[in-house]
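Line by line, the protein sequences give chains W and C.
Counting from 1, position 177 in the first sequence corresponds to residue 177 in our numbering; the numbering is continuous, with no gaps.
So the number in our numbering is just where the residue sits in the second sequence, counting from 1, plus 332.
Warning: the hint list may mix true and false statements.
[As the list claims (entries may be wrong)] Listed next, the in silico DSS-like pairs over lysine-lysine satisfying Cα-Cα at most 27 Å (straight line): (1) K550/C to K61/W; (2) K431/C to K62/W; (3) K61/W to K493/C; (4) K62/W to K550/C; (5) K456/C to K493/C; (6) K550/C to K493/C; (7) K431/C to K71/W; (8) K61/W to K543/C; (9) K62/W to K543/C; (10) K481/C to K456/C; (11) K62/W to K528/C.
What the hints contain is simulated information worked out from the structure, not anything from laboratory work.
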Amino acid sequence: MNAKCKMQNAKLACLFAFCILHFAFAVIASAHEIGTTRVDATFKRDHTYAVTVFASPDAIKKRLHGDAIEKHVFIEFNGNRVVPHAELTPTGIRLTGEIPLHADAFTWRYDLTYSSYVLMLENESHGATRQWLEGDGMSTPFVLARDVVPPTRLQVVGQYLALGFTHIVPRGLDHILFVLGLFLLTTRIKPLLAQVTSFTLAHSITLGLTMYGVVSLPSKIVEPAIALSIAYVAIENIVTSELKPWRVAIVFAFGLLHGMGFAGVLRELGLPRREFVTALVSFNAGVEGGQLFVIGVAAILFARKWRHRVVVPASLVIAATGLFWTVQRLIG
Amino acid sequence: MAAPVAFAHDFWIEPSTFRPAVGAMISTSLRVGQEWIGDPVARDTSVIEKFFVRDNSGDRAIAGFEGRDPAGLLRIEKAGGAIVGYRSKPQRLELPPEKFEQYLRDEGLERIAAIRAQRGESKKPSHEIYSRCAKSLLVAGDGATKFDKPLGFRYEIVPLKMTADAIEVRVLYESKPLAGVLVTAMHRDDASLRLKVRSDANGRVTFKLPKRGVWMIKSVQMISAPPGSNAEWESLWASLTFEL
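Could you build the full structure based on these sequences and the hints that come with them?
Given below as structure tokens:
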């Protein structure tokens, strides 16, 4: 065996020894033992968060030494610590609070466990990710989804204006027909203005009162009544082109009903807790915009000169539709 | 009062009872924590090197459900003493310098702190591998108890003699008595009972135990980490739990 070969063998032996050593001390990467503790952090679309710690309440109590839980949990949004509402539960700890404005990232730490544990992080309906944390270690920042972070006031205004508007155009065919019914009564501005004002005032009142929980009517009553109101104004248009005194009162009453209908929709959409009034007013303004848009388009389409020719056929169609919906909503 | 903060944690075996009846099924839970307040450690075969019981009839592996707490389930078959042993594979721990230095002080490892100071490493983070050598002493029925034989762990606290108010143990490192190492005894239900003694030349420690109940004796040995481990230090954590 020549010298070169010997050297190569020695090198190989060294490499082999190194591999053996390396393998023997191929240590497990986690730092402390993995415990049975688990922490779930969920960020919801109602702009709140909930952190649930699953661990033995007895051990937690002992470690608290009489301290408040809040003192031992470190919840941060964009590096600013927030103090959650904390409670001890039969399965551990539950922490809740509101996600602050302009929050982008969440970090978590608590010092009531000594083992390694898994932290599950979830933006509601965006899926979950997980991090392994070491006892009192700090999590890496978790990026919040846009829809869980509360919008600014300006964003709320824009969003609810648009929601209100689109609730009429194009989504609210029943409201469109009602407004058209009001429009078709007469070619004069004053009676139209009186009706629209009365309707707006009324639906604003019930929208607000319903959202605040002051009044409530089941949608089983509200929805057929709205349909019936459409039929009523259309039928009256066929019978008369005068603004009868009772017409404004009846439109007001119908407005009250439509307001409850809007409230039902708004409740489904949800209102931001922090900007409740802003959202409510914006939605109402959006609805108003939608109605004015319908009247504007109708005014262009049905020029004054020949409006009288469409009143009856259009009102007939509207009345029929209204009646059909009334029956349909009563049965459904 | 805020909970005391420790940066390295004790590890012990907590059986459902230290005095089982013969024929009884008991659980042997693993706990990590401090001051007897432990987090349950689920059974994780990737970390377990040995988990067994030694009694008069020899050694038996302890069964259990993977990923579940309690980590072990065991039937007591004979009267007499039985020792449950748990030996983990090495795991890695990295700590910032201030935490590591505090841990060295807590565990009586000043000689390691001195070496770090000498090498100018006191302000550097630590890279450590650690492993567990936990034992628990059970007494079943009225049988004669004999438990002074070591299990053969790399670091081990061996009970030699137990009376109504004292226990004598020997600390063995690689099967040889280890002198001058800090050994702590802690009562489970009385946080004021924390006894700290250094072992004598024969690795012996005698604790006068002023109260009956469940006790833990623990000690940490630290040595240079072996080459190829990518760590500076290796620690071995021995514990022994028993009921007086």
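Here is what the structure says about each hint:
Of the supplied pair hints, the one linking K550/C and K61/W holds, its CA atoms being roughly 24 Å apart against a limit of 27 Å. For a cut-off of 27 Å, the pair hint linking K431/C to K62/W stands: about 23 Å separates their Cα positions. Restraint check for K61/W and K493/C: not satisfied, since their Cα atoms lie roughly 36 Å apart, outside the 27 Å limit. Between the alpha carbons of K62/W and K550/C the distance comes to roughly 21 Å, so the proposed pair stays at or under 27 Å and holds.
A C-alpha spacing of about 43 Å is found between K456/C and K493/C, which places the hinted pair above 27 Å, so the restraint is violated. Restraint check for K550/C and K493/C: satisfied, since their Cα atoms lie roughly 17 Å apart, inside the 27 Å limit. Proximity of K431/C to K71/W is assessed by CA-CA distance (about 21 Å); at most 27 Å being required, the pair is judged to hold. Between K61/W and K543/C the alpha-carbon distance is near 24 Å, which keeps this suggested pair within the 27 Å criterion.
Taking the CA atoms of K62/W and K543/C, the gap is about 21 Å. The hint holds against a cut of 27 Å. Between K481/C and K456/C the alpha-carbon distance is near 41 Å, which puts this suggested pair outside the 27 Å criterion. Proximity of K62/W to K528/C is assessed by CA-CA distance (about 23 Å); at most 27 Å being required, the pair is judged to hold.
The structure is inconsistent with the numbered hints 3, 5 and 10, although it conforms to all the rest.
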